[in-house]
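As you go down the protein sequences, you meet chains Z and A in turn. Following my numbering, the numbering of the first sequence begins with 71 at its first residue and continues without gaps. Following my numbering, the numbering of the second sequence begins with 440 at its first residue and continues without gaps.
No lab work stands behind these hints: they were computed from the structure. Do not rely on the hints blindly, as some may be mistaken.
[Stated by the list, open to error] Here are a few chain A residues that sit away from chain Z, every Cβ distance over 12 Å (derived from the structure):
1. Asp472
2. Ala555
3. Thr574
4. His579
5. Asn580
6. Tyr581
7. Glu595
8. Leu631
9. Tyr634
10. Lys670
11. Thr677
12. Thr796
13. Thr812
14. Lys934
15. Val975
16. Lys1010
[To be verified] Computed beta-carbon distance windows for the label pairs:
17. A:Asp562 / Z:Glu101: 31 to 41 Å
18. A:Gly480 / Z:Gln110: 38 to 48 Å
19. Z:Asn97 / A:Lys585: 33 to 43 Å
20. Z:Pro211 / A:Ser937: 38 to 48 Å
21. Z:Asn149 / A:Ile930: 44 to 54 Å
22. Z:Asn97 / A:Asp626: 56 to 66 Å
[What the hints assert, rightly or not] Below, a list of computed lysine to aspartate or glutamate pairs in the DMTMM-like style, where the Cα atoms sit at most 20 Å apart:
23. A:Lys585 / A:Asp460
24. A:Lys949 / A:Glu966
25. Z:Lys95 / A:Asp568
26. A:Lys973 / A:Glu1005
27. Z:Lys143 / A:Asp630
28. A:Lys816 / A:Asp568
29. A:Lys741 / Z:Glu123
30. A:Lys819 / A:Asp624
31. Z:Lys95 / A:Glu972
32. A:Lys761 / Z:Glu129
33. Z:Lys95 / A:Glu628
34. A:Lys585 / A:Glu650
35. A:Lys741 / A:Asp946
36. A:Lys934 / A:Asp952
37. Z:Lys133 / A:Asp733
38. A:Lys761 / Z:Asp146
39. A:Lys766 / Z:Glu125
40. Z:Lys137 / A:Asp755
What you are looking at is a predicted structure, and each value in this text was computed from that prediction instead of being measured. Think of the CB as a built atom: it goes at the ideal place given N, C-alpha and C, for glycine as much as any other residue.
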Amino acid sequence: MKGIITLTVNNRPGVLNRITNLFTKRNYNIESMTVGPSEQEGISRMTVVVHVENEHVIEQMTKQLNKQIDILKVNDISNQSIVSRELALIKVMATSQNRAEINSLIEPFRAAVIDISKDSLTIQITGESEKIGAFIELMKPYGIKELARTGTTAFPRGTQRTSNKSLTIV
Amino acid sequence: MTEKALLTNREKVKVEKSGADFLMDALKKQNVDVIFGYPGGAVLPIYDKLYSSGLFHILTRHEQGSIHAAEGYARVTGKPGVVIATSGPGATNVVTGITDAMIDSLPLVIFTGQVATSVIGTDAFQEADVLGITTPITKHNYQVRKTEDIPRIVKEAFHIASSGRPGPVLIDIPKDIAILSGFADEDPEMDLPGYQPTVQPNHLQIRKLVEAVSSSEKPVILAGAGVLHSKGADELKTYAQQQGIPVVHTLLGLGGYPADHSLFIGMGGMHGSYAANMALSTCDLLINIGARFDDRLTGNLKYFAPYATVAHIDIDPAEIGKNIPTKIPVVGNAKEALTDLIAQDGKKPEVTKWIETINAWKKDFPLCYRNDTGALKPQKVIELLHQYTNGEAIVVTDVGQHQMWAAQYYPFNKPHAWVTSGGLGTMGFGLPAAIGAQIAEPENIVISISGDGGFQMTNQELAVIAEMNLPIKIVIINNHALGMVRQWQEIFHEKRYSHSTFQTQPDFVKLADAYGIPGFKATTEAEAIVLIEKAVTMNGPVLLDLHVEPEENVYPMVSPGKGLHEMEGVKQ
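Could you put together the complete structure from these sequences and hints?
In structure tokens:
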């Protein structure tokens, strides 16, 4: 299953190393990890997407992360109603013949062309990972020269549809 | 007082000092009574201030000796052991001991020197990425970037090391930071918003446990080192006896419950007693107090406590449910939880039949060994040590067969008398750890039991013992082999003794003599009796080289992959 964990961490040297070290030590696999400043100065926010066998592993992961002194808050939002976004930059081969065709694909995905050269287009797309994945599939036949994805960043919606499954009270 | 006035007040208490001076004063503030260390280039400014600080420092002969001595000290006192090592090789030499302390939850504060900030990252002389190396093996670590941070960081380090689940904290101090002066408040506020260990257990969970106990028929307490770390041995005794629940100990928990009490079943696990393992295998309620369900204790998880409702009291929530599904989790300090449980004074479970069953196991399948070959038996050596110290010694072991025999044949009736490397199984731990234990308890008799293999890993520390005239009774259980490796090769590798026997060994008596320590050798039981009796009455240090039956194996045993109920070598 896919798990999404958000972390609030002290922006101190070595924090990222502590977290990746912990994942290596405990044999957890990271699919993506994003990090950047939060609304509070000196505090960063991270979103980690992991692939795990079951919820038990995510619970253990959350507990281990919580033990890190530079980690202020750990939230497992895997089963919550969330907003999540990813950004991708795609440089795709484009000739004068098929440019219009590519443009017609861009529009429904609300992507944007941010650079044009003689034989290529660079497209920026944001959205949920699945949407980006679908768009990349569509672009493949034209020939993707370069691709960069940021990984998912997410947080829970202001209003939750259902009460999220609370962790065992311990 | 206005905020501004407060601020100016704060400003006023700031004083100017060098980093090394701040460090000395911070150590004194923490009431550090001994430092184990080894100097070197990057810590020269620190050692210069140490020279006239009045702090007590012990110069070991290898940094590994320092860190294990600090562990021995921490295990016996519960206070953080303090170590100073230099940058690069000094720091990497303490890595094994830090890992050992991490897995066995021992509080340590380790100071390592670092090259000057101006050259960090340039592969300077004796530079190593100590922060990177020690991140996975410390509870927390710091690199000091500003002199004025030293008082706060030291205060935080001692707090983190000794609170919650104890563990090692490392502080890396670049050379220029130790030399340069700065202005700092020497009684700073700690800045640890991400660290709030739960000490007081949730009362609702305690109630659940009380109910589970009342309705159980075959309850067992599995008590680990958490009982000792929380200084909760008295509470454990009161609770077990109030409810009439029998107690099994983990290797590291030994001494938490008096071994001579009728409710004590013994040590569980790979080389535990038959009764203890059968109790774990057949109980209907398993109350784990401060143990972490290590694989050497549980055996194959598939067969572990299959009929039991599991309750687990632990200060570290990550341990609960990690290996064993847990019905009643209780996060908190063992002593606090036990105090609450005693206060509940719940309805006692009806356990008469259960106790009878356990007593029958204890009677019919006690620990045993054959002593009819004429050779000196290692188990007999441990029994003699127990006999001649009235079971009151602090016993420090290394790792291997002798460690298991010591755990089996030296029953403890009081806590904090058993010092051993459990989780990591670090050979070479014993002798230096005994130094730390003896420093912590100068009045008590300390026995260091090692095998001939592990002893040779850190025997340079004999120099410290001689220098300080520490009255440690050093016992070498000499079987001319790496006994546990040899045992496994005998059982699981068709007696192919690949590199596990020593063709050449030093004369340990002469080695002791070289350090000015009296040494004696025995090869028979009669000789051993004379020597042990003599050793315990001698004032200073003494080394006994006891040549035991080389083919002796540790039994009973749960083979790897087997369940606890499948013990071998139960009766001989």
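Results of checking the hints against the structure:
Every C-beta of chain Z lies more than 12 Å from that of A:Asp472, the closest at about 26 Å, which supports listing it as non-interface. The non-interface label for A:Ala555 is consistent with chain Z: the shortest C-beta to C-beta separation is roughly 17 Å, beyond 12 Å. With 12 Å as the threshold on Cβ separation, the claim that A:Thr574 sits away from chain Z is violated: the shortest Cβ distance comes to roughly 5 Å. The beta carbon of A:His579 sits about 5 Å from the closest Cβ of chain Z, which is not more than 12 Å, so the claim that it is off the interface is violated.
Under the 12 Å C-beta cut-off, the non-interface status given to A:Asn580 relative to chain Z is violated; the minimum distance is some 8 Å. Under the 12 Å C-beta cut-off, the non-interface status given to A:Tyr581 relative to chain Z is violated; the minimum distance is some 9 Å. Its beta-carbon lying about 9 Å from the closest one in chain Z, A:Glu595 breaks the requirement of being farther than 12 Å from that chain. Distance check on A:Leu631: its Cβ comes as close as 6 Å (rounded) to a Cβ of chain Z, failing to clear the 12 Å threshold; non-interface status is violated.
Some Cβ of chain Z comes within 12 Å of the Cβ of A:Tyr634; the nearest lies about 5 Å off, and the non-interface call is violated. Its beta-carbon lying about 22 Å from the closest one in chain Z, A:Lys670 satisfies the requirement of being farther than 12 Å from that chain. No beta-carbon of chain Z is positioned within 12 Å of the beta-carbon of A:Thr677; the least distance is around 25 Å. For A:Thr796, the condition that its CB be more than 12 Å from all CB atoms of chain Z holds, with the nearest at approximately 33 Å.
Distance check for A:Thr812 against chain Z: the nearest CB is about 46 Å away, which clears 12 Å, and the non-interface claim stands. Against chain Z, the non-interface label of A:Lys934 holds: every CB pair exceeds 12 Å, the least being about 35 Å. Remark: the non-interface label on A:Val975 is consistent with the geometry, its nearest Cβ contact in chain Z lying 43 Å away (cut-off 12 Å). Chain Z leaves A:Lys1010 outside its interface by the beta-carbon criterion, the shortest separation being 40 Å against a cut-off of 12 Å.
Checked against the given bound of 31 to 41 Å, the beta carbons of A:Asp562 and Z:Glu101, roughly 34 Å apart, stay inside it. The hinted range of 38 to 48 Å is satisfied by A:Gly480 and Z:Gln110, whose Cβ atoms lie roughly 41 Å apart. Between Z:Asn97 and A:Lys585 the Cβ separation comes to about 37 Å, which falls inside the hinted range of 33 to 43 Å. For the pair Z:Pro211 and A:Ser937, the supplied restraint of 38 to 48 Å is violated, since their beta-carbon distance comes to about 59 Å.
The hinted window of 44 to 54 Å between Z:Asn149 and A:Ile930 holds, with their beta carbons roughly 48 Å apart. In this structure the supplied range 56 to 66 Å is violated for Z:Asn97 paired with A:Asp626, their Cβ-Cβ distance being about 43 Å. Between A:Lys585 and A:Asp460 the alpha-carbon distance is near 14 Å, which keeps this suggested pair within the 20 Å criterion. Straight-line distance between C-alpha atoms of A:Lys949 and A:Glu966 comes to about 18 Å, which keeps the hinted pair within the 20 Å bound.
With a C-alpha separation of about 18 Å, the suggested pairing of Z:Lys95 with A:Asp568 holds against the 20 Å cut-off. Taking the CA atoms of A:Lys973 and A:Glu1005, the gap is about 42 Å. The hint is violated against a cut of 20 Å. At roughly 15 Å between alpha-carbon atoms, Z:Lys143 and A:Asp630 fall within 20 Å of each other, so this suggested pair holds. A threshold of 20 Å between alpha carbons decides the hint, and for A:Lys816 with A:Asp568 the separation of about 47 Å lies outside it, so the pair is violated.
Straight-line distance between C-alpha atoms of A:Lys741 and Z:Glu123 comes to about 19 Å, which keeps the hinted pair within the 20 Å bound. Of the pairs offered as hints, the one joining A:Lys819 and A:Asp624 is violated, with about 58 Å between alpha carbons and a cut-off of 20 Å exceeded. About 48 Å separates the Cα atoms of Z:Lys95 and A:Glu972, which puts this hinted pair outside 20 Å; it is violated. Distance restraint check for A:Lys761 and Z:Glu129: the Cα-Cα separation of roughly 9 Å lies within the 20 Å cut-off, and the hinted pair is therefore satisfied.
Straight-line distance between C-alpha atoms of Z:Lys95 and A:Glu628 comes to about 32 Å, which puts the hinted pair past the 20 Å bound. Proximity of A:Lys585 to A:Glu650 is assessed by CA-CA distance (about 54 Å); at most 20 Å being required, the pair is judged violated. Simply put, A:Lys741 and A:Asp946 have alpha-carbon atoms about 47 Å apart, too far for the 20 Å limit, and the pair is violated. For the hint linking A:Lys934 to A:Asp952, the alpha-carbon distance of about 36 Å lies beyond 20 Å, and the restraint is violated.
A threshold of 20 Å between alpha carbons decides the hint, and for Z:Lys133 with A:Asp733 the separation of about 18 Å falls inside it, so the pair holds. Restraint check for A:Lys761 and Z:Asp146: satisfied, since their Cα atoms lie roughly 17 Å apart, inside the 20 Å limit. Between A:Lys766 and Z:Glu125 the CA atoms are separated by roughly 16 Å; this keeps the pair inside 20 Å, and the hint holds. For a cut-off of 20 Å, the pair hint linking Z:Lys137 to A:Asp755 stands: about 8 Å separates their Cα positions.
Taken one by one, the earlier hints fail for this structure at numbers 3, 4, 5, 6, 7, 8, 9, 20, 22, 26, 28, 30, 31, 33, 34, 35, 36, listed in ascending order.
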